[in-house]
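Asks: Now for the letters of each chain:
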Amino acid sequence: MHEMGVTESMMDVVLRHADKNNANKVTRINLVLGEMSSVVPYSISFYFDMLSKDTVAEGAELNFRTVKFKARCSDCGKKFKPRDYDITCPKCKGSNTEIISGREFQVESIEIN
Amino acid sequence: MEIKVLEGVFDANEIVAKENRGILDKSGTYMVNMMASPGAGKTSLIVKTLEGLSGDLKSVVIEGDIAGKVDAERVSDTGTEAIQINTGGSCHLEAKQVNTALANLSLEGIGLAIVENVGNLVCPAEFKLGEDLKVMILSAAEGDDKPLKYPLMFSESDVLIVNKIDLIPYTNFNLEKLKETVIKMNPGVTIFEVSCTNGDGISEWVEWLKKRIKG
Ligand SMILES: Nc1nc2c(ncn2[C@@H]2O[C@H](COP(=O)(O)OP(=O)(O)OP(=O)(O)O)[C@@H](O)[C@H]2O)c(=O)[nH]1
Ligand SMILES: [Mg+2]
Ligand SMILES: [Zn+2]
Ligand SMILES: [Zn+2]
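Protein sequences, first through last, are from chains A and B. Counting with numbering that gives the first Met the number 0, you get residues 0 to 112 for the letters of the first sequence. Counting with numbering that gives the first Met the number 0, you get residues 0 to 214 for the letters of the second sequence.
FYI, nobody ran anything at the bench for these hints, they're computed from the structure. Certain hints may be false.
As the list claims (entries may be wrong) - In silico DMTMM-like pairs for lysine to aspartate or glutamate, Cα to Cα no more than 25 Å straight-line: (1) B:K17 <-> A:E7; (2) B:K95 <-> A:E103; (3) A:K19 <-> A:D48; (4) B:K3 <-> A:E110.
Note that this is a predicted model, so its numbers are computed, not measured.
Model the full structure from these sequences, guided by the hints.
Replies: Structure representation (structure tokens):
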């Protein structure tokens, strides 16, 4: 159920941009998906096939680019890939760190004609 | 032809969440988003929190469930106004549902709005509602291995409430191990240990919340 709503939101973004650019057809949708996101590509594809029927996006190819979960230490500047979601800085052991990627679900671009 | 979009799929929800924020700021209402798996004790904790706050603060509760109005009735029985949102199958609340609920409430003089999210340990963490505080509950009966299985909610929450600590003697739940794991994932988190059944730890949580609301 969850992915149906999320797919609808994704379609809203795609169709709005397709419309703005007078697309006859959307051939490909390039998506960026963070490792830590709750979104499952397989379900998105499933609902997309259903929801895109009779729209300009019908038959478009979905391309998912996965983005790794990464954090950065605000004290020493070290960028690192947390293990087991532990965001303690591996260099200075500080906890003044922030997550810089891994949570996103973004429409990066669409290919139209 | 390729067209750059660079738009987050959850951006539309975040715009409505900001709108909610504006509505709440106008009436000076503090909003708590309460998240947990089914049966962890969300409604029990809300009822205990309202009892603890009684007299200090006028509150309302927004109940999100897939179906039914059992939880709203449990809250109404305490004398606090409660409104039920039925998501009709969806496994989380979105900002627009809370927006509708806020429009149907008179927020004048209301200091606290508590939202009980749909019972689910995964996606509620993905949807901002316009809240001031994200609270998640983990009950001892669910096991101490949950943070690494459901990392998003543990790393997004401002507060983790470990509930049903009265049951710990009957389980292999390791509270110290849990806290260690969660603090590494989310160094800013505040953790409380409570039992809604015997009342242990409730006053510490309520006092902390009162201070946060007063800001
Ligand atoms: N032993 C024990 N039981 C508890 C405690 N807190 C809640 N319970 C019980 O756990 C069950 C579920 O509690 P609820 O408060 O309904 O949980 P919930 O998270 O609101 O559940 P849903 O809204 O259905 O997702 C009830 O039978 C409660 O009595 C506690 O601290 N200790
Ligand atoms: Mg409940
Ligand atoms: Zn560092
Ligand atoms: Zn959901």
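Asks: Hint by hint, note whether the structure agrees.
Replies: How the hints compare with the structure:
1. B:K17 <-> A:E7: holds (21 Å)
2. B:K95 <-> A:E103: holds (21 Å)
3. A:K19 <-> A:D48: holds (22 Å)
4. B:K3 <-> A:E110: Between B:K3 and A:E110 the Cα gap is close to 9 Å, so the pair holds against 25 Å.
Against the hints set out earlier in the document, no violation occurs for any number.
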